[in-house]
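Model the placement of chain B on the given structure of chain A, informed by the hints.
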Amino acid sequence: MDGLMTYAKRLKPHEYKIWQRKRPLLGQLDIELTERCNNNCIHCCINLPEDDAAARSREMDTAFVKDILTQAADLGCLTVRFTGGEPLLREDLTELYEFARRLGMHVILFTNARLITPELAALLARIPPGRVVEVSVYGMCPESYDRVAGRKGAFVEFRRGIALLLQHNVPFIVKGPMLAFLKHELAELETWAQTIPRMDQPPGYSMNFDLRSRRDDPAKNARIAKLRATPEETVAMMSRNPLYLRDMKQFCRKFMRPPGDKLFSCGAGHGTCIDAYGKAQMCMGLRDPERVVDLHKVTVKSALKESFPRLREARTTNPEYLARCAQCFLKGLCEQCPAKSWMEHGTLDTPIEYLCGVAHAQALYLGLITENEKAWEVDNWRERIELFSQRQNT
Amino acid sequence: MDNVTLDMVCVPSDNIVAREIEGELIIVPLIAGIGDTDDELYTVNDTGKAIWQKLDGQRTLAQVAAALVQEFSSPAEEIIADVLGFTSEMTRRGFLNATG
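Same order as they appear, the protein sequences are chains A and B.
Residues are numbered in our numbering as their position in the first sequence, beginning at 1, plus a constant of 1440.
Residues are numbered in our numbering as their position in the second sequence, beginning at 1, plus a constant of 4.
Next up, chain A with everything else stripped away, as it sits in the complex (with noise of 0.2 Å):
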């Protein structure tokens, strides 16, 4: 496209600052088309089996997603996630996507890929979805893959949906777990997706997996326990990446400090998920029945101008919590949250011990807290993390 604007100013989507006078109420949206999926990952915090007749019943209805939709761009919404579960099971997806996109909406796509069609490439080619698609890999060759996917034959088709994306040009990136089983294929998976065309870093890993998000199969949760990478696991991956020091120092000066009582200081409630039944979420993990908003009975605006801010106000009294977690200046570092309590403990205020163990690891990696230091303990906190973003990257 030819020459320099005068009158208008192109924006790439890492420079969206657009607003001038005012932000918009909403910018981005996430909306779980639903929690049934075609695969069935063994460690997975939220599927359903595809065939689950209630689930579907539940499920808001395409007029009830545009109705969202529709107020989502009222509010400013610039972009929207699709997401599940698997949003592809939804026959209605095509529809909704391009009612999204005519809205002025970008579209963030969740998939597996496995039901990618030709009509359905064809459409993301032809309307862009603004975003790349986001594609979950689960494995190099039919046994891994099938063998963490559940099902058999699912390589076969997820390469198949790669393969239309391709031919079609549509952008996509690719991401996947860090299972110990999948270790030896990560160099051929890191070797693959240097050759997608949107891939200009490696792909992003899952290895801190959640618990079941719904708290509805203990079962299940043993497995998952059982498959999260160990603290001393999860640094070796995170040190991988080269600028790894780096940013961790630009991150540590910015967000590390005690919470203190306070249980939600990071963004929940400042923007919303929508579950696939219609009930508003402060944040994508956060399914406490108490702390979500029926969309059926209140709108969107209301719930993040009125229900949210009060949620938000929620301070602890848990004296366990107060004792550790809101006197640790790791908090940014550890990704114990109301969500994530809820998930393992049924409550929001419950340390997490394998977050803390994890957390713990990267501080001492990074020299922030010495062997069995408890973080919680230590009173100069802020002269140790600048001491650490001094320090030469070495």
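Among these hints, one or two may not hold up.
[As the list claims (entries may be wrong)] To be clear about the criterion: a stretch of chain B counts as covered by chain A if any three or more of its residues have a C-beta under 8 Å from a C-beta of chain A, and this derived list gives those stretches:
1) 18-26
2) 29-39
[Unchecked claim] List time: in silico PhoX-like cross-link candidates among lysine-lysine, alpha-carbon distance up to 20 Å:
3) B:Lys53 <-> A:Lys1449
4) A:Lys1694 <-> A:Lys1719
5) A:Lys1506 <-> A:Lys1741
6) A:Lys1623 <-> A:Lys1666
7) B:Lys58 <-> A:Lys1462
8) A:Lys1462 <-> A:Lys1741
[As the list claims (entries may be wrong)] Quick list of the computed label-pair ranges, beta carbon to beta carbon:
9) A:Lys1702 <-> B:Thr103: 57 to 65 Å
10) A:Arg1463 <-> B:Asn7: 35 to 43 Å
11) A:Leu1451 <-> B:Ala36: 47 to 55 Å
12) A:Leu1451 <-> B:Gln57: 17 to 25 Å
13) B:Gln57 <-> A:Val1738: 51 to 59 Å
14) A:Lys1462 <-> B:Arg63: 24 to 32 Å
15) A:Gln1832 <-> B:Ser78: 54 to 62 Å
16) A:Arg1542 <-> B:Gly104: 42 to 50 Å
17) A:Asp1492 <-> B:Gly37: 36 to 44 Å
If you're looking for bench data, these hints aren't it; they were derived computationally from the structure.
Note that the structure is a prediction, hence the values are computed from the model and not measured.
Even for Gly, the Cβ is constructed at its ideal location relative to N, Cα and C.
Okay, now just chain B, sitting in the frame of chain A:
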């Protein structure tokens, strides 16, 4: 179309979505090939926004300029130059269709 003239009528293309959010006019390309890449947005400055809001598919650009002369204190020649400059730029980008 590079040669936009005052007797033409301009209307937003179906290939984009124009949105006004918190006072900013945002143009979101919809169809592949509009914009340099498929992940861009465009913001329009205040001059462009004032012109865009007058493009109703009925008025010629001369009538658009005349309406803006009534509203703003800038010299008429300057406003006409902006109307032609802006609509040329937007037409070249595929954001506007010009007819007539």
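Each hint, compared with the structure:
no.: 1; hint: 18-26; verdict: holds (count 5)
no.: 2; hint: 29-39; verdict: holds (count 8)
no.: 3; hint: B:Lys53 <-> A:Lys1449; verdict: 12 Å, holds
no.: 4; hint: A:Lys1694 <-> A:Lys1719; verdict: 33 Å, violated
no.: 5; hint: A:Lys1506 <-> A:Lys1741; verdict: 15 Å, holds
no.: 6; hint: A:Lys1623 <-> A:Lys1666; verdict: 16 Å, holds
no.: 7; hint: B:Lys58 <-> A:Lys1462; verdict: 24 Å, violated
no.: 8; hint: A:Lys1462 <-> A:Lys1741; verdict: 16 Å, holds
no.: 9; hint: A:Lys1702 <-> B:Thr103: 57 to 65 Å; verdict: 59 Å, holds
no.: 10; hint: A:Arg1463 <-> B:Asn7: 35 to 43 Å; verdict: 40 Å, holds
no.: 11; hint: A:Leu1451 <-> B:Ala36: 47 to 55 Å; verdict: 18 Å, violated
no.: 12; hint: A:Leu1451 <-> B:Gln57: 17 to 25 Å; verdict: 21 Å, holds
no.: 13; hint: B:Gln57 <-> A:Val1738: 51 to 59 Å; verdict: 33 Å, violated
no.: 14; hint: A:Lys1462 <-> B:Arg63: 24 to 32 Å; verdict: 31 Å, holds
no.: 15; hint: A:Gln1832 <-> B:Ser78: 54 to 62 Å; verdict: 56 Å, holds
no.: 16; hint: A:Arg1542 <-> B:Gly104: 42 to 50 Å; verdict: 27 Å, violated
no.: 17; hint: A:Asp1492 <-> B:Gly37: 36 to 44 Å; verdict: 41 Å, holds
Of the numbered hints stated above, those contradicted by the structure are hints 4, 7, 11, 13, 16, listed in ascending order.
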